[in-house]
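Asks: In order, the protein sequences belong to chains R and E.
Counting the first sequence from 1 gives a position; my numbering is that position plus 26.
Counting the second sequence from 1 gives a position; my numbering is that position plus 26.
Don't read these hints as lab results, they were simulated from the structure.
Everything numeric in this text was worked out from a predicted model, so none of it was measured.
There could be a bad hint or two in this list.
Copies of the same chain are indistinguishable here, so a pair counts whether it falls within one copy or spans any two.
Under the rule of at most 20 Å between Cα atoms (straight-line distance), these lysine-lysine pairs were calculated in the PhoX-like manner [unchecked claim]: (1) K210 <-> K142; (2) K166 <-> K270; (3) K347 <-> K432.
Number of protein chains: 2
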Amino acid sequence: MDRDKCLRLDQNCALTHTRDRFALPEEVLYFDGNSLGALPKTTTTDVTKAIEQEWGEGLIKSWLDADWFFLSAEAGDAIAPLIGASAGEVTVSDSTSINIFKLAAALLRQNDGRSKVITERGNFPTDAYILEGIIDLLDKDHELHLAEPEHIMDSIDDQTALVLLTHTNYRTGAMHDMAGITAKCNSQNVPVIWDLCHSAGAVPLALNEWGVDYAVGCTYKFLNSGPGAPAFSYVSQAAIKNFKPVVTGWFSHRNQFGFEDGYQASDSINKCLVGSPQILSLRGVLNGIKSFDNVSMLDLRDKSVALAELFIELADEKLAKFGLELASPRETAQRGSQVSFNHPAAYAICKTLIDRNVIPDFREPNILRFGITPLYMRYVDVWDVVEIIGNIMADSAWQKFTSDVKEAVT
Amino acid sequence: MDRDKCLRLDQNCALTHTRDRFALPEEVLYFDGNSLGALPKTTTTDVTKAIEQEWGEGLIKSWLDADWFFLSAEAGDAIAPLIGASAGEVTVSDSTSINIFKLAAALLRQNDGRSKVITERGNFPTDAYILEGIIDLLDKDHELHLAEPEHIMDSIDDQTALVLLTHTNYRTGAMHDMAGITAKCNSQNVPVIWDLCHSAGAVPLALNEWGVDYAVGCTYKFLNSGPGAPAFSYVSQAAIKNFKPVVTGWFSHRNQFGFEDGYQASDSINKCLVGSPQILSLRGVLNGIKSFDNVSMLDLRDKSVALAELFIELADEKLAKFGLELASPRETAQRGSQVSFNHPAAYAICKTLIDRNVIPDFREPNILRFGITPLYMRYVDVWDVVEIIGNIMADSAWQKFTSDVKEAVT
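Chain R on its own, in the form it takes in the complex (with noise of 0.2 Å):
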């Protein structure tokens, strides 16, 4: 493999051509589009169109006129196809957060005396916090098990209340088999939410398939939908019926304009909904969904692979000399859309790289994390951010600091 090679590669790409869908600065190598997705080129026209003429000229009127009243559907109906559900099984509102609030609180409150909640040790923490303080609302016998992955699995059984994955881990980007632990939770009738956050547009997914009745997941990552956009909530439709909202706003009501007294829950997806939606905001998301226009997930997937080993394969030979080990699983189909090296002085080589127009992300305690975005990834970009890395860890000041900061964290 050189340099040119990797040119070659870019020219004969599937997904060559999606790359000009995006507003990227030409002299920045991306490698956080799994913290914040790039720009689509069609974003500031349409929220531009939002604001002056819907709003400014239409005013109230284009709650209905600019359909934004049915914005959160049509975002949920577009996320749909990427994850493998159907039409009206998705909605886009509130935040990620909240929307595993509102799934969460709903499952225990409605579950039959069955104490363990279970999560992974490690697992953003977020959903954690979020369980714990629905845990300590409800005031039952629920516990908060933190598992570690390899004994997730064995850890569901006949008293537990509630299982909330994260498909794939945003430190490692390992991936859980969503299928196999699904199809067991569904054999004890335990209700368990899948949170989509690093998976959805950047893994092929098959919730209908593999039988998926809750999840939620954010779209200002691999969905490329603007920062803190909306994320979106998931039930299936075989769920929704008796799904019974907790987090009961008038959006949700079965006759909205009624101003009836009286909760009545709607029957449909909207059962996930609360108040108004942000306007602005969730026209980024339709955008951000448009950059997948008539791409393959399958396609992405190939692409996502062929970077994620090129990195890996580069990696080995250039820079774990250097002490960069690989923190994400080397078996493809384990790994989502990253590549993640443990480094004592990640941070340090995080900052570096961002002063040279490389921008990585850096998690606690010492994890380099590069996201695989292969919209608008190139092989030449992977092959670049190597050299770069390579260049600055050869330098015999960099050699000394980082070996002063290995001694002194071990």
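Go by the hints and put chain E onto chain R.
Replies: Same frame as chain R, but now just chain E:
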């Protein structure tokens, strides 16, 4: 009074210059700024900057470089002086409904065995719906008590667990005595949450002076922040220390980026945050509040009262004979910033006005509602709207239609 006198009042008014801060369609008479405020001229440019420069160019770095992490607090501090609160007591995130849930669920969780949960019969529906959901979720002995407005004060007693009131009624504009009710609640150790959706930016408020500990409110009405813009939460400096959040997302953690196991609440108003704020919509809030720059809330109230009383005087003279009955309090001090009328054909009148580029609002069952927004509303607009309604109602076909409607409903 005549139209020329209205034009002169507009020329000599203390708030004449603020209309120019808004991008209003010239041909429209907009009387629904209490549902969706008008577009400030600075908003498009600022949101475009957030999209193209901060997101597009700055990418993930903008969470710090463009202060995205601090926008909720920045917007809260900007709202504080408009509602008589202090810096650090207000934050902006999520919807009003969700903010009611956060405060009400936390306060009911902390309560000491009292059962009565009081709100107003005829309050905006989501407020009561959210309370119903919390009561069901907590599964204690709480009971929702819908009090008639005139009985609220008397119904507060030492068995009251929580009071949730909207300060200004969305249908009639009738205002509660916030100082008096809060004083009674405080004397009985009853927590009271004020919903300021129809008051913030509409009438002078003095939360600190009145001893208010908890409030929420909307930014997309009188605060001109855009469709579905995020809502604010207020917890007083005195109450924040003992406030224990129940929707415990990572943005409310004491050490958000420590990614620690175990939830530890922040000490600050960040207790009211949950997940990532929706940045594009939040930028709308900052621009909405800028439309109040150098505006005294007392001047604004003076003009609001003058516009409303002109409306009422002209309606008495020219519209009462067609059956439009004032639904708002005649007493100035009891009326917020809107004028509402009852009419059996209110819905049809509303639709006809919209066809003629006059935009009021209709609320069930028969309320025609006119928001008074002194930052951009002119005396001549009030004159014209009464003329237009009078012309519609004087039309012989309309007279026959409304007398038929009246017969049908009586």
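Asks: Determine for every hint whether it applies to the structure shown.
Replies: Hints versus structure:
1. K210 <-> K142: within (15 Å within a copy, 43 Å between copies)
2. K166 <-> K270: Both: 18 Å inside a copy, 18 Å across copies.
3. K347 <-> K432: Answer is within; shortest intra-copy Cα gap is 14 Å, inter-copy 88 Å.
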